[in-house]
Structures are given as C-alpha cells and as structure tokens.
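Sequence order for the protein chains is A, B, C and D. Add 9 to the 1-based position in the first sequence for my numbering, that's all there is to it. Add 9 to the 1-based position in the second sequence for my numbering, that's all there is to it. Add 23 to the 1-based position in the third sequence for my numbering, that's all there is to it. Add 23 to the 1-based position in the fourth sequence for my numbering, that's all there is to it.
Keep in mind that the hints were calculated from the coordinates and are not lab data. Just so you know, not all the hints are guaranteed correct.
What the hints assert, rightly or not - Covered, in the sense of this in silico footprint (three residues per stretch, anywhere, with C-beta under 8 Å from a C-beta of chain B), are these stretches of chain D: (1) 26-37; (2) 64-70; (3) 102-110.
Stated by the list, open to error - A few chain C residues facing chain A, derived, Cβ under 8 Å: (4) Leu28; (5) Phe34; (6) Ala37; (7) Thr54; (8) Met57; (9) Thr60; (10) Ala71; (11) Ile75; (12) Asn97; (13) Val99.
Claimed, not checked - According to the in silico footprint, chain C covers these stretches of chain A (three or more CB under 8 Å from chain C): (14) 18-29; (15) 105-112; (16) 369-382.
Even glycine gets a Cβ: it sits at the ideal position worked out from N, Cα and C.
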Amino acid sequence: MQVLTFLAYLVAAALFITGIRRLRTPETARSGNTIAAFGMIIALAATFFVIDIDPVLGLPLIGGGILLGGIIGAVSAQRVPMTGMPQLVAAFNGVGGGCIALVALSEFYQGRAETWVASTTGLLTIIIGAISFSGSIVAFCKLQEIAFTGSVAFPLQQVVNALIVLGILLLSANILTDGALAEAVGLPVLTPLLSLYITLGAALVLGILFVIPIGGADMPIVISLLNAFTGLAAALSGFVLENYALLIGGTLVGASGTILTRQMSGALGRPLGKIIFAGIAAAGGGDDEDDEEREVNDVSAEDIGSYLSEDSEKVVIVPGYGLAVAQAQAPLFELMETLESQGKEVLFGIHPVAGRMPGHMNVLLTEAGVPYEKLYDLEDINPEFEDTDAVIIVGANDVVNPAANDEEKDSPISGMPILEVENAERVIFVKRSLSPGFAGVDNPLFYDMDKTMMYFTDAKQGLQDITEAVKNA
Amino acid sequence: MQVLTFLAYLVAAALFITGIRRLRTPETARSGNTIAAFGMIIALAATFFVIDIDPVLGLPLIGGGILLGGIIGAVSAQRVPMTGMPQLVAAFNGVGGGCIALVALSEFYQGRAETWVASTTGLLTIIIGAISFSGSIVAFCKLQEIAFTGSVAFPLQQVVNALIVLGILLLSANILTDGALAEAVGLPVLTPLLSLYITLGAALVLGILFVIPIGGADMPIVISLLNAFTGLAAALSGFVLENYALLIGGTLVGASGTILTRQMSGALGRPLGKIIFAGIAAAGGGDDEDDEEREVNDVSAEDIGSYLSEDSEKVVIVPGYGLAVAQAQAPLFELMETLESQGKEVLFGIHPVAGRMPGHMNVLLTEAGVPYEKLYDLEDINPEFEDTDAVIIVGANDVVNPAANDEEKDSPISGMPILEVENAERVIFVKRSLSPGFAGVDNPLFYDMDKTMMYFTDAKQGLQDITEAVKNA
Amino acid sequence: METLLAQVAIFVVAAYLGFELISRVPNMLHTPLMSATNAIHGIVLVGAIIVIATANDAFTLVVGFIAVVFGAMNVVGGFWVTNRMLGMFRPPNPRVKKRKG
Amino acid sequence: METLLAQVAIFVVAAYLGFELISRVPNMLHTPLMSATNAIHGIVLVGAIIVIATANDAFTLVVGFIAVVFGAMNVVGGFWVTNRMLGMFRPPNPRVKKRKG
Ligand SMILES: NC(=O)c1ccc[n+]([C@@H]2O[C@H](COP(=O)([O-])OP(=O)(O)OC[C@H]3O[C@@H](n4cnc5c(N)ncnc54)[C@H](OP(=O)(O)O)[C@@H]3O)[C@@H](O)[C@H]2O)c1
Ligand SMILES: NC(=O)c1ccc[n+]([C@@H]2O[C@H](COP(=O)([O-])OP(=O)(O)OC[C@H]3O[C@@H](n4cnc5c(N)ncnc54)[C@H](OP(=O)(O)O)[C@@H]3O)[C@@H](O)[C@H]2O)c1
Numbered sequence: 010m011q012v013l014t015f016l017a018y019l020v021a022a023a024l025f026i027t028g029i030r031r032l033r034t035p036e037t038a039r040s041g042n043t044i045a046a047f048g049m050i051i052a053l054a055a056t057f058f059v060i061d062i063d064p065v066l067g068l069p070l071i072g073g074g075i076l077l078g079g080i081i082g083a084v085s086a087q088r089v090p091m092t093g094m095p096q097l098v099a100a101f102n103g104v105g106g107g108c109i110a111l112v113a114l115s116e117f118y119q120g121r122a123e124t125w126v127a128s129t130t131g132l133l134t135i136i137i138g139a140i141s142f143s144g145s146i147v148a149f150c151k152l153q154e155i156a157f158t159g160s161v162a163f164p165l166q167q168v169v170n171a172l173i174v175l176g177i178l179l180l181s182a183n184i185l186t187d188g189a190l191a192e193a194v195g196l197p198v199l200t201p202l203l204s205l206y207i208t209l210g211a212a213l214v215l216g217i218l219f220v221i222p223i224g225g226a227d228m229p230i231v232i233s234l235l236n237a238f239t240g241l242a243a244a245l246s247g248f249v250l251e252n253y254a255l256l257i258g259g260t261l262v263g264a265s266g267t268i269l270t271r272q273m274s275g276a277l278g279r280p281l282g283k284i285i286f287a288g289i290a291a292a293g294g295g296d297d298e299d300d301e302e303r304e305v306n307d308v309s310a311e312d313i314g315s316y317l318s319e320d321s322e323k324v325v326i327v328p329g330y331g332l333a334v335a336q337a338q339a340p341l342f343e344l345m346e347t348l349e350s351q352g353k354e355v356l357f358g359i360h361p362v363a364g365r366m367p368g369h370m371n372v373l374l375t376e377a378g379v380p381y382e383k384l385y386d387l388e389d390i391n392p393e394f395e396d397t398d399a400v401i402i403v404g405a406n407d408v409v410n411p412a413a414n415d416e417e418k419d420s421p422i423s424g425m426p427i428l429e430v431e432n433a434e435r436v437i438f439v440k441r442s443l444s445p446g447f448a449g450v451d452n453p454l455f456y457d458m459d460k461t462m463m464y465f466t467d468a469k470q471g472l473q474d475i476t477e478a479v480k481n482a
Numbered sequence: 010m011q012v013l014t015f016l017a018y019l020v021a022a023a024l025f026i027t028g029i030r031r032l033r034t035p036e037t038a039r040s041g042n043t044i045a046a047f048g049m050i051i052a053l054a055a056t057f058f059v060i061d062i063d064p065v066l067g068l069p070l071i072g073g074g075i076l077l078g079g080i081i082g083a084v085s086a087q088r089v090p091m092t093g094m095p096q097l098v099a100a101f102n103g104v105g106g107g108c109i110a111l112v113a114l115s116e117f118y119q120g121r122a123e124t125w126v127a128s129t130t131g132l133l134t135i136i137i138g139a140i141s142f143s144g145s146i147v148a149f150c151k152l153q154e155i156a157f158t159g160s161v162a163f164p165l166q167q168v169v170n171a172l173i174v175l176g177i178l179l180l181s182a183n184i185l186t187d188g189a190l191a192e193a194v195g196l197p198v199l200t201p202l203l204s205l206y207i208t209l210g211a212a213l214v215l216g217i218l219f220v221i222p223i224g225g226a227d228m229p230i231v232i233s234l235l236n237a238f239t240g241l242a243a244a245l246s247g248f249v250l251e252n253y254a255l256l257i258g259g260t261l262v263g264a265s266g267t268i269l270t271r272q273m274s275g276a277l278g279r280p281l282g283k284i285i286f287a288g289i290a291a292a293g294g295g296d297d298e299d300d301e302e303r304e305v306n307d308v309s310a311e312d313i314g315s316y317l318s319e320d321s322e323k324v325v326i327v328p329g330y331g332l333a334v335a336q337a338q339a340p341l342f343e344l345m346e347t348l349e350s351q352g353k354e355v356l357f358g359i360h361p362v363a364g365r366m367p368g369h370m371n372v373l374l375t376e377a378g379v380p381y382e383k384l385y386d387l388e389d390i391n392p393e394f395e396d397t398d399a400v401i402i403v404g405a406n407d408v409v410n411p412a413a414n415d416e417e418k419d420s421p422i423s424g425m426p427i428l429e430v431e432n433a434e435r436v437i438f439v440k441r442s443l444s445p446g447f448a449g450v451d452n453p454l455f456y457d458m459d460k461t462m463m464y465f466t467d468a469k470q471g472l473q474d475i476t477e478a479v480k481n482a
Numbered sequence: 024m025e026t027l028l029a030q031v032a033i034f035v036v037a038a039y040l041g042f043e044l045i046s047r048v049p050n051m052l053h054t055p056l057m058s059a060t061n062a063i064h065g066i067v068l069v070g071a072i073i074v075i076a077t078a079n080d081a082f083t084l085v086v087g088f089i090a091v092v093f094g095a096m097n098v099v100g101g102f103w104v105t106n107r108m109l110g111m112f113r114p115p116n117p118r119v120k121k122r123k124g
Numbered sequence: 024m025e026t027l028l029a030q031v032a033i034f035v036v037a038a039y040l041g042f043e044l045i046s047r048v049p050n051m052l053h054t055p056l057m058s059a060t061n062a063i064h065g066i067v068l069v070g071a072i073i074v075i076a077t078a079n080d081a082f083t084l085v086v087g088f089i090a091v092v093f094g095a096m097n098v099v100g101g102f103w104v105t106n107r108m109l110g111m112f113r114p115p116n117p118r119v120k121k122r123k124g
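Let the sequences and hints guide you as you build the complete structure.
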C-alpha cells in the first residue's frame, strides 16, 4: 500500500514535469497544462486511498471544502478578463500560501512536529506561507485598485520591518527550544503554542509591510517572487509530510518563480534588491516636470493613414502598457487586418516586460485574435526594423526608449534592453500626451521631427480612427 | 560525519550536473570538464574520510591501484590520435563496466547483499556491468583492428544468445532464492556463489556475442549503448551503496548514452533494433557489384583548381569517413587557408554521423586548426548550399546521397536526413573509386555529368594536389 | 535521518531540473507558465485533506477546512485559467512561422 | 524501505534532468560529451576503494585491486582525454559566428 501511494505521488510529480516541458511551444502548451492537472488528480485520488475519513464529519468537510473552493476558483478563473490576470494569479498564489501555512500550523497544534527537522521546517513553512499569503493579498488589492494603490510609505518602515524579523527569530527560538527560552528570561506565559500564533501574526504583518511600499507597476515582480516563496514552502512541507509530489512539485515552482523574477529584473535592467527596497525612495520622485516646451511632429489620424497606406510595405506594431489600460486590443487587431488586406506585412514586437506581467501582452493579443506566429520577441524583432517602413508604438514608452542605451546618463532604465525602433524608416507614437512611462524617463525619439509622428489620443479611439483613415486613404 | 560525507557526495553530483551544463558551448565546455573532474576529486576525498584503511595492506593496494590505473589512463589519453577516439572511449567504458561488476561481485562475496533489494540490484549490476565490459572490449578490438573485424557471424547465433539469457535468468532465480531452486531440482552443488560466478561468465560471453556480429561502422552506436548500460549499472550500485554521487552521476550517464544512441539511429534513419539485429543479416550482403559502366565526369586536380580559383566565391567542404581514414585533415586545412587567402568564403558542412562517432569530425577538424565557428551542422548548412559555387566532398558518400530522399526505393539510408549538396552550383567528389560508402547505396550524383566532378584519388594526396593547383591557377 | 538526506538530494536535483525546464519556456508563454506553476503548488491540498482526516478537535477541523477551501481554489482556479489562456494560443490557420533570425 | 523509495524518486528526477541537460549539447560536442560522461561513471571507483577498505580475505583484496585499477583508468583517462579534445575547441581569433539560419 505504502509503495502504491508512493508510486502514485511519483507519477504525479512526473506528470508535473512533463506538463512544464510541454509549455515550451504554444502548440503543446495546452496539453501540458492538462497533463499537469491530471497529475494533480492522481495525487488527490491516492490521498483518499491512504486516509481514514470520518464519514460523518470529515467527509462532508473535505467534500464541501473542495466543492466550495473549486467553485470559487473556477468561477473567478472563467470570469476574469485577460487584463486582470496579474491580480488573479496573485490571489491564487495567496490562498496557496495560506493553505500551506495552515497545514503546517495544524501539524504543530496536533503535536506531530516532533523531531527537530519537522519542527524547523514546519516553522519555516508557516512563516514563508504566511508572508506569501498576506503579501499576495496586498498585491491583489493594489492591482484590483481596492486599497494600497501606489506606493504606500510610512516613517521608519525599515526599522519596523527589522524589529518584526527580530521578533520572529526570537519567538522561533522559543518554539524550537520548547519554551525554554521564555522561561529563561522569566516569561513562562509565552508557551510554544502562543509563540507560534504570535509568529504567524507577525509573519502576516511582515508580508503586508513588505509589499505596500512597492508601486503597482512593479507588482509582477513581487507576485513572481511570492510565487517562488509559495513553491519553496510547498517543497518544505513535502519534507515534513514525506510526500514526493509536494517536494518535487514545490521545488519546480520555486525554481520557476526564481527564474521569472530574475528574468524580469534583468529585462528591466535593475537588480532585484533595488526594486524591492527602492519602493520607498521611488515613492517621493514621481514626475519632475522640467517642461521647456520642445517641438514635436504632431499629426492626425489621416496623416498616419495615408502614410501607412501609401508609403509603407512592412509595418511593425509595438504595444505597451497603455494598450492594456485602454483595452485597445480589438481595434489593434482590426488595424492589422485592414493593413494586411492592403497587402502589407504586419508584425508585432513584444518586449518581455511590455504589459502588466511577463508574457502578458502575448496573451492579450492572441485573445484579440492575432496569430501567435506574428508575435516576435526582443531578439527576433530587432533585426527586422532595418527594412521596416513604419513602427506603430501604442501606449508604450520605456520599452522603446533609446535613452536606455545612453551610457552617459544614469536613468532608471539604463542598461535595459529595448526594441530598437529608431532603426525603422518612420516611428509613430499613439499615446495621450508627452508624459513618459512608468520609469519617468523622457524619450528623445518624441522630438525627432523627421522620423517621428506623434498622435496624441486614447489608444482605443486612436486606433479606430487610424483604421478608418487607412481604409479611406 | 555521515552528514558531511553525504554533503560531499551531493556537491560532487551537483558539480557533475554543472559540468555537463557547460558542455553546451565550445567556449565553456573545457571548464565544464574541469568542474566535473573536480567533483570527482571531492567524492574521492570524502571516501577516504569515512573508511578505515589498513595501512599495511589496504593503503598500498588502493594507492598503487589508483596510481597504476591513473597512469595507464593518462598515458593512453595523452597518446591516442584523435582518429582513435572511438576505441579509447570504448576501452574506458569497458573498464568502467568491469569495475562496477567487480564491486557488486565483492558485495555478494562478503555477504553484504542481504535484503532482497540489495541482492536484486547487485545481481543486475553484475550482469549489466559484465556485458558492458566484454562488449566494449570487443568493440575496442574491432575498431583497433586487432580482432573480430567486420561482421563476425556463426550459425544459430540468435538461438545461442537466447539460451544464454535463459541460463542467466535461471541462475539469477537460484541466487535470489538462496539456492532453493537448485535444491528443488536436485542440483545442490549449484550453490548461490557458484551460480553467481557462472552468471558472471555467461554475461561476459553474452556481451561478446552481442557485439561481434555488428559491423565496424556501427560501432559508435554500440559504444553509446554500452555507455548507457554502464551508467545504468553505476546508478544501480548507487542504490546498493546508498551513495548519491553514484546514483545521480550514473543516472546522468545513462540518460546521456540513451539520448546519443537515439539521436544517432535517428540521424542514420534506421531504428536501433534494426541496427543491432540486422548485423547478422547485413554480414551476407556486402558489395553487390552491378556494374553497368556508367559514364562520369572524371577530372584532374588542375581542373578543380582552376574552377575553384576562377569561378567560385563560396565553397563548402563536406568531410566524411574517408577523410578520417586517409588522415587528410591537415591537407584539408591547408586547402581552406589557400582558398581564404584568395578571398573565398569557406564553410564546412558536418553531418551528425560523418566520421567514426557522433561529433567526431568536429574534433578532427578543430584539431587540424579549423576554427569551430566555420563548422556548420545539418540544419545550418543546408540553406547555405543555394548560393554556394562549389561543394568539395572528401571521402563521404552516404551523408550526401540524394537517394535517401527517394521515396520510391527502400534503401538502408531511406529517410536519413542528408546534406543537400545537389543545390549547389557544382559538386566535387574526392574519393578513390565509384564504390559506395558504408550503406552500400549508389549515389546518382556521381553520374550527373553537368554538375559533378569526380576526382579519383586518395584523400590526403588528392587534397594536397588540389591545393597546389589552386595556388598555381 | 537517511530519508531526510535522500529528500535533500531530491530537492537539489529537482531544483536543477526546474531551472532547466523553466529556462526553456519562451517569453510568450510566461504568463501561462506562472499561472500553471501557481496551480501546481496547490498540491498542498493533499496536506490539507490529511489534516481534516487526522483531526480530533474542532480547532483543527476549522483550520483544515479553511486550508481545503484555499487549496481547492488554488488548484482548480489555477489550472482552469491557464487552460483558458492557452486555448487562445491556437493558430487560426496552420501557417508556419518563418523568421530570418 | 523509505530510503529506497526516496532513491527511486531521485533516480526518476535525475533521469529527467539528464535528458534535459544532454539534449542541449550540440552535435559538435557529442564526442567530448561521450567521453566526459564516460569519465563520470568512473565515480564507481569510490565503491572499489570501499571494497578494499572493508576486505578481509585475499580474494576480495584481489577483486578490489583490479576494480580500483579499472576505475582509476576510467576516471583519469576519461577526464584527461576530454580535456585534450576540448583544448582544441578554442577559437584562434575572437570572431563571432554569424549565420543566416
Ligand atoms: N510587464 C512586466 O512584467 C513589468 C513588470 C514590472 C515593471 N514593468 C514596467 O512597465 C513598463 C512597461 O513599459 P511600456 O513601454 O509598456 O509602458 P510605459 O513605458 O510605462 O508607457 C506606457 C505609456 O502608455 C501610455 N498610456 C497610458 N494609458 C494610455 C491610453 N489609455 N491610451 C494611450 N496611451 C496610454 C502612457 O502615456 P500617456 O500618459 O502619454 O498616454 C505611457 O507613456 C516598463 O517600465 C517596465 O519596467 C513591467
Ligand atoms: N559517425 C557515426 O556516428 C556513425 C555511426 C554509425 C554508422 N555510421 C555510418 O557511417 C557512414 C558515414 O557516411 P560518410 O558519408 O561519412 O561515409 P561513407 O558513406 O561510408 O563513405 C565513405 C567514403 O570514403 C571513401 N574513402 C575511403 N577511404 C578513402 C581514402 N583513403 N581517400 C579518399 N576516400 C576514401 C570511400 O570511397 P572510395 O572507396 O571510393 O574511396 C567511401 O565512399 C554513414 O553511412 C553512417 O550511417 C556513422
């Protein structure tokens, strides 16, 4: 029996691995997800075979819990608009972390964390799981714009954080010494179990304080980091429960979160530490308007329409954060179709951090109907610009800002790899104003009177107007 | 202490992994090998810390054995010509397999294989290790042309093999039942230990019989397969010895051998089973000369020299097995230099199974001095042929034979991906005769009077003459 | 103790495997990847079920119930939304992407 | 028993890892790859050393000695020849390979 469950869990882990392997190509990805879900079903089924469930109390609680949670999960997964993906992932990550913390908590409560290995890993699981839970919930609130929007700072934040960490360490020591520490300092009221609850609470607070000072646009990195945390916590609880599906699955998730976090901060050209701890500092900065009214080549939809229709053969579209905000995917798709019906070649250049989370822009555009083989990433699109007649940049700035390559200036985007749109014949910006993007760095391309056309408008309306103009040109 | 050794072995395994990771690019590969070797040193050092060695007998035996083996290994590694790589790898693989079998044997002899797990895996290790040992030694002899050259067949081979396998199975059952089987059938003389020795002997014979019918050109596949066997045996002994460096390292080697074997048989367009079991059948075939004296465009070195020098800008060189046989790498390098000094672009198209083992041609050419960025593999070179003026094919036939793409005929190379040299302006063959290559399939390109030039000569002399001719043209 | 060491070895090898696997997922699929791995850590639902099954007091039952609800949300929602996203990644017409690199 | 199961899990994960690692080695480096992995299975030399260290009869000592010699040949020779091969793979001048794919 023990061997059979072991094998079932091992098969589940193998299916997780196979599932992730298949995420390498869009063609196989969906079946990969199905395979991983199948692994989950095997793991759950195996569990039901090894436990004795009380049919009066246990069974309804488990069945009801799965049903309730499953329905909530499925309904939100079905209803969420694709632009709301970051907050949904944050929410699921949060409840996952919460689940892990609660499982570890009950191990302690039931006195099953007897060996030092079990108690240490269990404690670590509670702390990491709790941070992941409250941090993700804050991230969810920020992204859903329920609360804590922007960068929320308060005085002495770093000091408070340090004190909480210190407290957690002391309480943990007390728990692991079975209360001996508290007795030694004359606080016998601080039983191990009480210390555990306080630790749990402190970890929850720490998770909140960790995330609130970080701005909304950096949330994807935070979510990815918390995803890594939750994976690690799951792996740890795999140690305690001696469950290899948990151990292997959790480790894979931990690795995934770590890599994605690293890639994102790499694509942003900023080290991770700076992103997290600069939250507070950055909050002050914001828009320092140094307006000296420089001239730009302000054009109308008709100008763009006639240029596209008459003078261009190959068009590259670069969508950015503003496209997602304006929900302008459908008009963008229509523009593509219109251009193609006139025999133009249309490609899309997708920067790794365009949009609200990594790879998000791809999901948004495929949802609108753009075939994924038109979506080129950074390395593949850059050589294309040379023979491109027009680049249309919709609601993006940072990802095409040549200032990132300017070695003289030290800006927030210095060193970030960008889409080299300046190599194209013509550059067309569709955005509402001259205001810079998230990083707050002005774009010299705006002021290139010969190359650049600036079309100031909301992305959705603007794209519709351009499409009309192309048709009529 | 136990934890420390464990950690040392785990670090060794991690270094093996890191080492293999770095074999991805020529730039990092050498350091990867060094890292893996460093892991080996750590594993060995850790071993010396956990054992009590008898300073009178044990220490000199161990030290002497390592010194002796190390010197033999180092000297042969230093002396071997690069063309002799296949036999060297076969030899090292063989001694590795032998080492594994002997270690498992002594486990039995000392009565340490007590649990059923230990005895089953131990037995399996002995059998696989022994097959790997004797099979590799036969492969070595074939390649070094000491004995068994060509395909050695004898009547009823398959029957004999089957009988040996059956015998091994029965003896194994006797060993695992601690002699009960022999007693039951009235053969109490067949003690478990005696059965073990007979099994060992039978496995050695099986290894020999397995390899002798396979022809020399298929040896690389056999070596790769035996490499996978040895890796598997090492992993199994990791189970018995509870040593994670062995377990993980052995598994990696097993996976490596499996993949390389699969890739090779894929590149040959033949399933693995056919290669192994067709050995006997193929032995009969050989050269069935169906000479009908077709005309070819027989040219001299001077003709080739003037064409290369005057009419070509881009030259692709395709080296094959015959180049290695003729040891003509240095003259080839000289030809490349001469052509480049005249301003031509020279590339090399390396088929995956060109040469005597996978990737071997790359080693041979880099040894001769060709920079590795000129070595293009199948997918990269095929698009280049279109604007190539001349392809020089030196001692190769199968890898450029368009008959592989002929769907009507069922030849030994049907379905094998080839270098599409027929797309080039001109094709120049440098070989000794019209005889086909290893697969024995005639090449229609030979008879293309317009496109092809045939230069019948030994590769070494021929290349030198062409170089002269190019210089003088 | 020996099992613990073996588990540590599994952790290390699985971490290497994870890095290899993830680093081969293209940027285009990073959002689905994030939500799929997110669903995978919901495997802790297994632990939550065991908590209820072995509970012998009301507190543990309540904790276990919340954990089961959380875990089920994570698993079901995660795989569901990933499936929904990846459903969009079907090429409308079977064209092959050609690039000049 | 539990350790055995954990070992099986290690074996499975390591096999997956092996496939990922090896499938990323380019054809150009397959000969060095073969000889390097060949050297790695020489790790069984560790087992051979233990055989001699725990031997208490002549037979085992002889078997152990042969095993040590074999293992040392495998390890030293394997890494040595791989190093020699890879030493040739240095670009004579720092050019970057450009291809049109
Ligand atoms: N994707 C990720 O994973 C991720 C993670 C962390 C951080 N980030 C950051 O996000 C930024 C992404 O760069 P990006 O170039 O895509 O965006 P960006 O540089 O932030 O620029 C967005 C632009 O969209 C315009 N915009 C906003 N609403 C619009 C609307 N309704 N219609 C038209 N335009 C609108 C804004 O200009 P107007 O106000 O003038 O219209 C703004 O310039 C990067 O700085 C990156 O570091 C991304
Ligand atoms: N590399 C591997 O891993 C591997 C493994 C297993 C099997 N194989 C097999 O090996 C074959 C390799 O194909 P290939 O095209 O490289 O070789 P091939 O088709 O076997 O042809 C070799 C040619 O070299 C010529 N040759 C021999 N000695 C020569 C000399 N001294 N000077 C000039 N030419 C000489 C021979 O023709 P002449 O007699 O007319 O001179 C022969 O046609 C494939 O069939 C493959 O299946 C390779």
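Against which earlier hints does the structure fall short, listed by number upward? Hint check: 4 fails alone, others pass.
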